[in-house]
Structures are given as structure tokens and as C-alpha cells.
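Residue numbers (our numbering), protein chains in the order written: chain A, 296 to 539; chain B, 296 to 539.
One should not assume that every hint holds.
Just so you know, same-sequence chains aren't split out, so a pair can sit in one copy or run between any two.
[Said to hold, decoys possible] In silico SDA-like pairs for lysine to any residue, Cα to Cα no more than 25 angstroms straight-line:
1) Lys301 with Thr364
2) Lys301 with Gly411
3) Lys440 with Arg320
4) Lys301 with Glu354
5) Lys440 with Ala345
6) Lys440 with Gly452
7) Lys440 with Glu451
8) Lys301 with Ala365
9) Lys301 with Gly367
10) Lys440 with Gly367
11) Lys440 with Gln462
12) Lys440 with His463
13) Lys440 with Arg300
14) Lys379 with Glu439
15) Lys301 with Asp362
16) Lys440 with Ala325
17) Lys440 with Ala421
18) Lys440 with Asp414
19) Lys440 with Ala450
20) Lys440 with Ala496
Hints in this document: simulated from the structure, not taken from any laboratory.
Number of protein chains: 2
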Amino acid sequence: MISPRKAVALVSGGLDSMVSAARAREDGFALLALTVDYGQRHRIELEAAARVADALGAERHIVLPLDLTAFGGSALTADIAVPKNGVDEAAVPVTYVPARNTIFLSLALGWAEAAGAQDLFIGVNALDYSGYPDCRPEFIAGFEKLASLGTKAGAEGQGFRIHAPLQHMTKADIAREAARLGLDAGISWSCYDPVATPAAAGSLQLAGATDAFAHCGLCDSCRLRARGFEEAGLADPTLYAARP
Amino acid sequence: MISPRKAVALVSGGLDSMVSAARAREDGFALLALTVDYGQRHRIELEAAARVADALGAERHIVLPLDLTAFGGSALTADIAVPKNGVDEAAVPVTYVPARNTIFLSLALGWAEAAGAQDLFIGVNALDYSGYPDCRPEFIAGFEKLASLGTKAGAEGQGFRIHAPLQHMTKADIAREAARLGLDAGISWSCYDPVATPAAAGSLQLAGATDAFAHCGLCDSCRLRARGFEEAGLADPTLYAARP
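Let the sequences and hints guide you as you build the complete structure.
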């Protein structure tokens, strides 16, 4: 029996990366799931990432601590308030983390090369790249080129492929895709500013804790998640502490 | 008074990155020194990095822990023997760390963007890039392009410049350049496989320790360091435990 090719999938615990990683599995890859614990304020994401890796049957899940708070410069890693007053589609959000996807893809590339994998999966999508520069298709294409230049495998003629299967999807498309793939979207986590809550349907618990967390419902990421399920006409399994 | 522009310089504790960072200082930049503690077996490098940052008057020195041993795949981070039998100029060395410079430059880019810096310095050189793919000029040029694609600053039209001032230098050139810049090469560390030794001229001590370390003299990096000083006709301040 030939063992399946491996792919490194970035898994944040969010819905997008869960669907992206599930696509890798659907394509027949054995999953190496990579989560970067970069000092984000929403640590419940890491719990969600572990559940996602488990639910997708990842061959291995690495949670790599990397303290980007040392650099600061983002509402997700420094002491800047997460905005709750709606999505500004025109500007780069304050929740942008400087060079985040460059850093994450580099780490995924390091693992891929060490493990003999040629394929990387990242969950960037059409919605993201209106706001985050490092989600744009030209960035992804640029990284794919760089991956071959900057590795031993690349120098020896083995290219890398950066898959961004959600690149042209809206949040509604992604919600539909999750349903098509038979995923439980409720185990994923999108909120930038989790609210402690008694355990209830749609809440998520940290391992060993009795209290649970609800999505805040007001940050950009919650608004986009809720809108995705609405526009797709699908039931939203998420517990929101508030609604706009 | 206008405060000087900042540059992020990758400082490993080695001679090359010391000279590269000193060039940034010579160019008038305020130095942000970045050292990645990636689980290398030669931890004395980190001590050397702190001395280098200090000697160069860095405005800030961040030592960022990043456990690349989780990925494995290199003699520097996994349990593979460091070769001692001479430099093989044709092959990618086993001391190559998968995607290391892609990862390091990404981190430097993250700090640069957060700090409002546009300039990054890395000490890759002509000798390195015969063996390490991620030291080649085309890789450095490729990363410079990607830096603008993958950042908010880049999307807003502010490019980044990746300086590799040693790119066309041999080790002898670098030893001469260190002398020209008035640097004490003896505080830098090159050896992949340090040897414990009583404190003596040319040895380096870990803070708070009584024992010191000598360069092994036999690994690739030691051979190249020693040869550099020899070919430059300069006194080598390094204590080697053995000579080939």
C-alpha cells in the first residue's frame, strides 16, 4: 500500500481553516495540522483548533508557540481595543497582525520540507483579502514562488504548491462548503473577543474548565460568520452573547 | 532632532550577522536586533547574540523563542550528527534548517512593520549560498518582493528593503570588514558543536557560569571561520578545541 501524500494545513480553530483543511483531506492528503499559538487574546481558538484537527483525523497536530506580542502592532496581540461597531470594508483592520500569513506560511513550509510534503493549505478567502493584504491571491502566488527559491527541496527541483481552496469564496460559500463536507461548524471558533458564559449549545469549553465561552457577536469576525450562515440559508450552530 | 530610521537586523551571534548589523549601524539606522531561539543545539550562540546586540548599541534586542525542533529535519535541530570531516561545497549541508531564512525574514518583517521600519538586514554571503538555498541572491530578491505584497505597509505603497550587505563577500572579506568596522570578532560565535573548556582567551562563557566554551574547530562553520581569518591575514581571536 502506498502511503498517501502529506499536506501541511494551517488550522487556526476558525471556520475557514477548518474547511480548507477538510478540502486537503478530500483531495486525499494525510493531514499535518499546524496551529500557531501567537499570543492571540482569543485562546479558546487553540481549543477549537485541537478539536478541528481531531475531527479531521489529522496524522499530527503541532501547536507551535510563537510570541508575536513581542512585536505588538495589532489589536489581536497588543493592548488595542477590538472594534465592535461594524465591518469597515475599505480599510486594513486593526486586527491585522503584521506579516502574519508570511510568518505562518513560512512555518508551514518549514514543516512541509522537513516532512517531505509539497502541499500547503491556507484558508484565506475573498472576504479576507478585501481587508488583509496577506490574503490576496497575488500574495499567495508570490509565496508559492518564494517557497521554491528558499528551500533545499525547491533548489533540487521539487516545487511547493500553496492551496487556498477558499480563495474565491464568500462566507456564505464557506458555510455551504462546510455543510457539503459534512463538517460540524459548531466546533470552530471565529470570535476575536470571547465572552464567558455558562455551558450551553453552541458554546465552547476549555479542556478541564466548567465555564464556557460564547462568541461576542459584535466583532468583525462574528459579524461575518453570522452573515455567512444567514446568506447561505443555513442554521448557525454558534452561540452569540449579543447581536448587532 | 529627527530620530534615525530604524532597521531590523537578524543577529544570530555569529560573525556574519554581527558584521551585517554593524553595516546597518554604519548606514545610520537605529538597530532593532532580532535573534531567534529556534532550539539550536549551540545555545552559546544566544549568549553571543546578546553581546553583539549590546556591543552594537541596539535600541532593542528581542530573543524570540521558536521551537523548530518540533519539525525536525536538520542536524542543528534534530538528533543528526554534525559532520566534522570537512566542507562539501557541492551539497546542501545537513545543517540546513528547512526554510530557516524564510521563517527568520518573515519574523523580521513582522517586527519591522509593527515598528514602522522599512529596512531589514541579514548576514547571508557568497559562501553560504553555495550550500544553503535560502541564502541565494534570487531568494533575497524574491523575499523583498513578497514583503510588499504581504504587508499593510506594502499594500499602502511603502516597500521594504532586504539588505544583504555581505552577499558578495567571502569569509576573508567578512573578517576584513569586521576589522574595518572596529568590531571585536571574538564576541561572536560560529561553532555548531561547542566544546566545554576552562575559561581562556577566545572562549565564551554563559552568563552566571564558571565553565566556558571553545569552538570545536572541526565543523563546517569553524573551518570556514578559521579559513576566513587566515586568508585575510588577520589574527583569529577564536579559541578552537582542535584543528583539522
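Results for each hint:
1. In the homo-oligomer, the alpha carbons of Lys301 and Thr364 lie at most 25 angstroms apart only across protomers (19 angstroms), although the nearest pairing inside one protomer, at 31 angstroms, exceeds that limit.
2. Taking the shortest alpha-carbon separations for Lys301 and Gly411, only the intra-copy value of 8 angstroms comes in at or below 25 angstroms, while the best inter-copy value is 38 angstroms.
3. Taking the closest pair of Cα atoms, Lys440 and Arg320 come within 25 angstroms of each other only inside a single copy of the chain (24 angstroms); across copies the shortest separation is 32 angstroms, beyond that limit.
4. Taking the shortest Cα distances, Lys301 and Glu354 sit within 25 angstroms of each other inside one copy (9 angstroms), while across copies they are farther apart (43 angstroms).
5. Proximity of Lys440 and Ala345 under a CA criterion of 25 angstroms is satisfied in neither setting, with 30 angstroms inside one chain copy and 34 angstroms between copies.
6. For the homomeric pair Lys440 and Gly452, the shortest alpha-carbon distances inside one copy (12 angstroms) and between copies (22 angstroms) are both at most 25 angstroms.
7. Taking CA atoms no more than 25 angstroms apart as the test, Lys440 paired with Glu451 passes in both settings, with 14 angstroms inside one copy and 23 angstroms between copies.
8. Proximity of Lys301 and Ala365 under a CA criterion of 25 angstroms is satisfied inter-copy only: 17 angstroms between copies versus 33 angstroms inside one chain copy.
9. With identical chains, the CA atoms of Lys301 and Gly367 are at most 25 angstroms apart between copies only, with a shortest distance of 16 angstroms across copies and 34 angstroms within one.
10. Proximity of Lys440 to Gly367 under the C-alpha cut-off of 25 angstroms is restricted to the inter-copy arrangement: shortest distance 23 angstroms between copies versus 29 angstroms within a copy.
11. For a Cα distance limit of 25 angstroms, the shortest separation of Lys440 from Gln462 qualifies both inside one copy, at 18 angstroms, and across copies, at 21 angstroms.
12. With identical chains, the CA atoms of Lys440 and His463 are at most 25 angstroms apart both within one copy (20 angstroms) and between copies (23 angstroms).
13. Taking identical chains as interchangeable, the C-alpha atoms of Lys440 and Arg300 lie at most 25 angstroms apart only when both belong to the same chain, with a minimum of 21 angstroms there against 31 angstroms between chains.
14. Taking the shortest alpha-carbon separations for Lys379 and Glu439, neither the intra-copy value of 35 angstroms nor the inter-copy value of 35 angstroms comes in at or below 25 angstroms.
15. Proximity of Lys301 to Asp362 under the C-alpha cut-off of 25 angstroms is restricted to the inter-copy arrangement: shortest distance 21 angstroms between copies versus 27 angstroms within a copy.
16. For a Cα distance limit of 25 angstroms, the shortest separation of Lys440 from Ala325 inside one copy, 24 angstroms, qualifies, whereas the shortest one across copies, 32 angstroms, does not.
17. For a Cα distance limit of 25 angstroms, the shortest separation of Lys440 from Ala421 qualifies both inside one copy, at 21 angstroms, and across copies, at 22 angstroms.
18. Taking the shortest Cα distances, Lys440 and Asp414 sit within 25 angstroms of each other both inside one copy (13 angstroms) and across copies (22 angstroms).
19. With identical chains, the CA atoms of Lys440 and Ala450 are at most 25 angstroms apart both within one copy (12 angstroms) and between copies (19 angstroms).
20. In the homo-oligomer, the alpha carbons of Lys440 and Ala496 never lie at most 25 angstroms apart, since the shortest distance is 44 angstroms inside one protomer and 47 angstroms across protomers.
In summary, the numbered hints that this structure violates are 5, 14, 20.
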